[in-house]
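Read off the chains here:
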Amino acid sequence: MFNIWYFLLRGLQTSAPVAYGALAGVYSETGGIVNIAIEGMMLTGTFFFVWGAIAFKSWIMGVLFAILGAVLLSILHGIATITFKVNHVVSGTAINLLAMGLTRFMSMQIFGMETQTPVNSYIPPRLFGINILAYFYIALALLTIWIFRRTRFGLRLRSCGENPWGADSLGVNVYAYKYAGVILSGVLAGLAASSLYPNQWIAEMTAGRGYLSLAAMIFGNYNPLNAVLAAMLFGYAETLRYFSAQIPFLVNVPSTLIQSFPYVLALVVLAGFLGKTRPPKADGVIFEKGED
Amino acid sequence: MKRFTVAVLVLLLAVSLVLSGCSKTPTTTEPKYKIGLVFDIGGRGDQSFNDAAYAGLKKLAQELKGYIKDDPDKVDFGKEVELKYLEPKEGGEDREQLLRALAEEGYQMIFAVGFMFTDPVVNVAKDFPNVKFGLIDGYIPDLNENSNIVCLSFKEHEGSFLVGAIAGYKTKTNKVGFVGGMQMPLIEKFEAGYKAGAMYVNPNLRKQGAIFSQYIGTTGDAFKDPAKGKEIASTFYNQGADIVYHASGASGAGVFQAAYEAFKAGKDVWAIGVDSDQGLIYASSSNEEDKAIGARIITSMIKRVDTAVYKTGMDFYNGNFKGGYVEFGLAEDGVGYALNDYNKSLIEDVTAKVDELKQKVISGEIKVPTSNAELANFQLP
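So the sequence lines, in the order shown, correspond to chains A and B. Letter by letter, the first sequence follows residues 1 to 292 in the working numbering. Letter by letter, the second sequence follows residues 1 to 381 in the working numbering.
Because the hints were derived from the structure by calculation, they are not lab data. Bear in mind the structure is a predicted one, so any value in this text is a computation, not a measurement. Heads up, a few of these hints could be off.
The calculated DMTMM-like cross-link candidates involving lysine to aspartate or glutamate, where the alpha carbons are at most 20 Å apart (straight line), are [claimed, not checked]:
1. B:K207 with B:E374
2. A:K57 with B:E348
3. B:K32 with B:D70
4. B:K322 with B:D127
5. B:K172 with B:E348
6. B:K34 with B:D127
7. B:K84 with B:D73
8. B:K367 with B:D315
9. B:K34 with B:D315
10. B:K89 with A:E114
11. B:K264 with B:E288
12. A:K57 with B:D290
13. B:K32 with B:D315
14. A:K57 with B:E288
15. B:K74 with A:E114
16. B:K84 with A:E114
Derived list of chain B stretches under chain A, where covered just means 3 residues or more per stretch with a C-beta under 8 Å from a C-beta of chain A [claimed, not checked]:
17. 211-217
18. 229-238
19. 249-255
From the three backbone atoms N, C-alpha and C, an ideal C-beta is built for every residue, glycine too.
The task is simple: from the sequences and hints, build the whole structure.
Take a look at the structure:
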């Protein structure tokens, strides 16, 4: 029998890292910083989680460490792109490569094994069998919408992504806001890492979820809630195939077909057939104070 | 006083001269043979494929009175043979470079662990016609006895057949599962063999929908995605499967975690490991959590990479190296199921029956399918 309740829960869990990752992307890109380094931040976060949790015997420390690890890289991304005006994609790629090497190096130094850590038993509590962090991303998306539309911080962050020169002329400290956006992106990447698989770190275990997050973000048209919903569409389609043996009309459909459905949909959307996505106007633009 | 000091010094010098004459340090004798090995990505400590290859090297060292160069475990049984291994960088782009480095350093026989080495081995073997290469798990066409390459492969479907049979005997819910890594013919061999074994011994599993089967993905990432491994296995356990077999590399950690969590939630469920004796590796860890997880691994399908490395290395040492293809199946002790101190009490009651099946496979009475297409025509009793 197909247990719909269980299906909904598992889908929520599967979607969690991509949903948090998509939110991470939204914060950074709203401030005008293209962040393809989410993959690397998430990967670093997964290692830091296990490290912190084992060292302090507490899952809360694990989450804090995951955030710390991801934020350190996000600050690096900020320094490169905001202060030193490096091309955002170049910096992001460099950080992704750095994260792969860094996590392996640290694992070797700390645990004596290059490609995996010991199993960690200090994991976030389970609620109905899934990671408790998997229940918060929709609320967080709604909160983000409120921040972007109703708070001074959010409005200014958006102005820095849309028209940094205008914001600058009105006295907004554009650099500071861009840094804030990137750092918040790191915080969310840390949460993405904590919701992925806190039981152990394995080399490159994020397996492309950071890039998937960006796809979800673009699919969701840079809107926090839509980005999270897009991530959930990906996650639920993935989960659906695990249950395909029990759903009569899916039994004979190849599972790869079910799995690829949301991506095909995303392609159709991104190709402009179902409306148009619009990134922040100055997304990826190098901002130099005083120029226009 | 001064004279005394001088006398003592002279005496010391004299003694030291005499002593140094006695301890004639053996001038660095070159080892007779040098055998090298390049791991696949993951390197040592992957508790699977590479560790098995390492075990083969160790056995060679023991048998041939050799030593492993630059080894943290300091394996050293003598100076007859020098063994050495290298690990590729993450991503593994330097595979060919490492093979070349070993060949240039004078290693006469070099093992390459994993099918990703196929092209690098072809390239390097061309440039070093006097060096012998052993490619594990890869396939290079048009080799013959005189080639300097031997492809060492395994009949994974035969080993999977046996663990499938164990699953078929031990399941109480009459539902079992399979989690594959990357969807490709190599992993399908595991799936087909496993299903055949389970169906062969348990008629309840022949019904459609009694054996769950899913692959993690369609790229190499599928072998290092424990989160997805865990998701899939969790849904299988929730849908009533009580034994899940994985052939998904490092993603398998997630499958074991799922079994452990389902067990903690009060379900009597098990997992089956792959490639090496994963139950033993987990259970003999010093970490309590690892041990508890190990107790959920009922057995493992063992791919004896160590046998392949050891046997080929011995052949080379004895001058019997032959190029071409060698397949290690049940008959060659190249695959099998794990039986150790920890799982002995769990599967003791079926080992006799499983060994009987093993004999039937060796004698050719049972022809284990290697793909789902062949499985459809598999003769069930």
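Hints, verified against the model:
1. B:K207 with B:E374: 17 Å, holds
2. A:K57 with B:E348: Given pair A:K57, B:E348 is violated - Cα atoms ~38 Å apart, limit 20 Å.
3. B:K32 with B:D70: 18 Å, holds
4. B:K322 with B:D127: Distance ~19 Å between B:K322 and B:D127 Cα, so the pair holds.
5. B:K172 with B:E348: 16 Å, holds
6. B:K34 with B:D127: 18 Å, holds
7. B:K84 with B:D73: 13 Å, holds
8. B:K367 with B:D315: Outside the cut-off at roughly 29 Å; violated.
9. B:K34 with B:D315: 14 Å, holds
10. B:K89 with A:E114: Answer holds: B:K89 to A:E114 is near 11 Å, not above 20 Å.
11. B:K264 with B:E288: 15 Å, holds
12. A:K57 with B:D290: This hinted pair holds, its Cα atoms lying about 16 Å apart.
13. B:K32 with B:D315: It holds: about 15 Å lies between the C-alpha atoms, which stays within 20 Å.
14. A:K57 with B:E288: 14 Å, holds
15. B:K74 with A:E114: Measuring from Cα to Cα gives roughly 19 Å; hence the hint holds.
16. B:K84 with A:E114: Holds, at roughly 19 Å.
17. 211-217: holds (count 4)
18. 229-238: holds (count 7)
19. 249-255: Since three or more residues must qualify, the claim that chain A covers the segment 249-255 of chain B holds, with 3 doing so at under 8 Å.
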